[in-house]
Amino acid sequence: MVAADQRATQRVRPIVLHPLLARITHWLNALAIFIMIGSGWRIYNSEPLFDFEFPVWMTFGGWPEVSQHWHNEEGLAGALQWHFAAMWLLFINLLVYLVYGLTSGHFRRDFLPVWPNEVIRDLRAALGGRLVHNIGERNAVQRALYIGVMTVIVLTVLSGVSIWKPVQFQELTAVFGGYDAARYVHFFCMAAIVLFLVVHLTLTALVPKVLPPMITGRLGRWR
Amino acid sequence: MSPIRKTDRRGFLKGGLSLGALSLLTGCDLTDNEPAQRLLWNMSFWNDRVQGWLFNPNRLAPTYPESAVDRVFRYNAFYPEEQAPQLDPVTYRLELSGAIGDRRAWTVDELYQLPQTSQITRHVCVEGWSRIGKWSGCPLRVFLERVEADLTKKYVGFICADGYYTSIDMPTALHPQTIMAFTFADQVLPRKFGYPMKIRIPTKLGFKNPKFVVALLVTNDYPGGFWEDYGYNWFSGS
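Respectively, the protein sequence lines represent chains A and B.
Counting along the first sequence from 1, when you hit position 115 you're at 129 in our numbering, and nothing is skipped either side.
Counting along the second sequence from 1, when you hit position 101 you're at 124 in our numbering, and nothing is skipped either side.
If we strip away everything but chain A, and leave its shape as in the complex, we get (with noise of 0.2 Å):
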């Protein structure tokens, strides 16, 4: 949109830059992400497919201490009821914003297209500190960084049900190499939304004015 059209609209009424259904699908995402990694560290570390475990304060799923009194076990169930509810919410709303995005035309306005070059001109840019962020608008890096973080969510999902149905689902966890390499994917899938959560998180954190739309929606005077 034309910035002189945008100033335009903004003395009639405020410009809505994140619609009421993308706010809400974000937020329950983030929630869902949230329980979803802190309960799946916790049942990774009974099981470590690495040299390495989760710190437990790092973890979710009840605390160990009091499932070892009550329960005999360090909180491997409490993190899988966690990870088996919140999947529900991690899916149904991923489907919901998948349906929207694709059917109002978000992906294709907001994600669309994603070119290497202007990938690589954008990230350049960036790094040296000249791109200019403008508000409502996303450069290719962003817009290859949402493409992306969404795929890896979609293939976390499915990697997750060949890891919970290898026998139901076993052409799927075939797809993924089968139930112990499918296990690879789903961390490695994990590790790559962390990483992106980094970048989202310090993003925000170095261009705070980009998070009150994300709650509002709206563009506040702060501009």
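Don't read these hints as lab results, they were simulated from the structure.
We treat Cβ as the ideally placed atom computed from N, Cα and C, and that holds for glycine.
It cannot be assumed that every hint is accurate.
As the list claims (entries may be wrong) - DMTMM-like mimics (lysine to aspartate or glutamate), calculated; alpha carbons at most 20 Å apart, straight line:
#1 Lys-179(A) - Glu-150(B)
#2 Lys-179(A) - Asp-71(B)
#3 Lys-223(A) - Glu-151(A)
#4 Lys-179(A) - Asp-192(B)
#5 Lys-215(B) - Glu-105(B)
Stated by the list, open to error - Here chain B is said to cover these stretches of chain A; the calculated rule only asks that three of the stretch's residues, wherever they fall, bring their Cβ under 8 Å from a Cβ of chain B:
#6 90-103
#7 108-122
#8 189-201
Said to hold, decoys possible - Between beta-carbon pairs, the in silico distance windows are:
#9 Val-92(B) - Trp-41(A): 46 to 54 Å
#10 Pro-138(B) - Phe-64(A): 26 to 34 Å
#11 Leu-126(A) - Glu-104(B): 55 to 63 Å
#12 Pro-62(A) - Leu-77(B): 23 to 31 Å
#13 Leu-211(A) - Trp-76(B): 32 to 40 Å
#14 Leu-77(B) - Ala-219(A): 40 to 48 Å
#15 Val-221(A) - Pro-88(B): 54 to 62 Å
We have chain A; now place chain B onto it with these hints.
Using the frame of chain A, we list chain B on its own:
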């Protein structure tokens, strides 16, 4: 008289409430408080139902060639291997109770004379690890039909010599790959893996595969399970 402990999930939930009260005092995280516990248990019941719908009675678990069998199989229980019960084949009896026509107890020799089938399948643990093993034994369906069990009942429960207990849904009990296993890796089922009989269910997680089974029950009253009562999902289908 059923030997299976009648565990009421709601009862456990109430137990969870006092646990919640305790955790408020000790200041632990969200999980241990009452509304969170109620929500989590209800989601787990919901997941039981969803998995019941997803379960296809004709869907077989993938099977593997002999070459894929893990030579060193993993031991897993809530106690160390040396404490595994040593059952005497002379005195061992499989007790039957609940909705079963012929509740006569079975000896090891009688069990061994049942028709047998073998399978090489993947054992998946709730913790995440998996191992491929070979088990042989009698399809549970054949046994249930022979003892005239009421196959319209909802649950089949198992009691083990080590104090463990668990239960499964009837459709899984009747699945062709659900067997009473008497051998492991072509040898008599070793003590650590549940001599003389374990229930092998490749469509469920490992903890739903009870070892040292000494009693079997057919019922409509939810029998619960050792880990299930601690919060592991009851259906836990693969």
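Structure-based check of all given hints:
About 15 Å separates the Cα atoms of Lys-179(A) and Glu-150(B), which keeps this hinted pair within 20 Å; it holds. Restraint check for Lys-179(A) and Asp-71(B): satisfied, since their Cα atoms lie roughly 13 Å apart, inside the 20 Å limit. Of the pairs offered as hints, the one joining Lys-223(A) and Glu-151(A) holds, with about 13 Å between alpha carbons and a cut-off of 20 Å not exceeded. For the hint linking Lys-179(A) to Asp-192(B), the alpha-carbon distance of about 17 Å falls within 20 Å, and the restraint holds.
Restraint check: the Cα-Cα separation between Lys-215(B) and Glu-105(B) comes to about 8 Å, which is no more than 20 Å; the hinted pair holds. Beta-carbon proximity to chain B at under 8 Å applies to 9 residues in the region 90-103 of chain A; the threshold of 3 is reached and the given coverage holds. A stretch counts as covered by a chain when three or more of its residues have a beta carbon under 8 Å from one of that chain; for the region 108-122 of chain A and chain B the count is 0, and the coverage is violated. Taking a C-beta to C-beta cut-off of 8 Å, the region 189-201 of chain A contributes 3 residues in contact with chain B, enough for the three needed, and the coverage statement holds.
The hinted window of 46 to 54 Å between Val-92(B) and Trp-41(A) holds, with their beta carbons roughly 49 Å apart. Distance hint check: the CB atoms of Pro-138(B) and Phe-64(A) are about 45 Å apart, inconsistent with the given range 26 to 34 Å. For Leu-126(A) and Glu-104(B), the Cβ-Cβ distance of about 58 Å falls inside the hinted range of 55 to 63 Å, so the restraint holds. Checked against the hint of 23 to 31 Å, the C-beta distance between Pro-62(A) and Leu-77(B) comes to roughly 29 Å, which is consistent with it.
The given range of 32 to 40 Å is respected by Leu-211(A) and Trp-76(B), whose C-beta atoms sit roughly 34 Å from each other. For Leu-77(B) and Ala-219(A), the hinted distance range of 40 to 48 Å is satisfied, since their beta carbons lie about 42 Å from each other. For the hinted restraint 54 to 62 Å between Val-221(A) and Pro-88(B), the CB-CB distance of approximately 57 Å keeps it satisfied.
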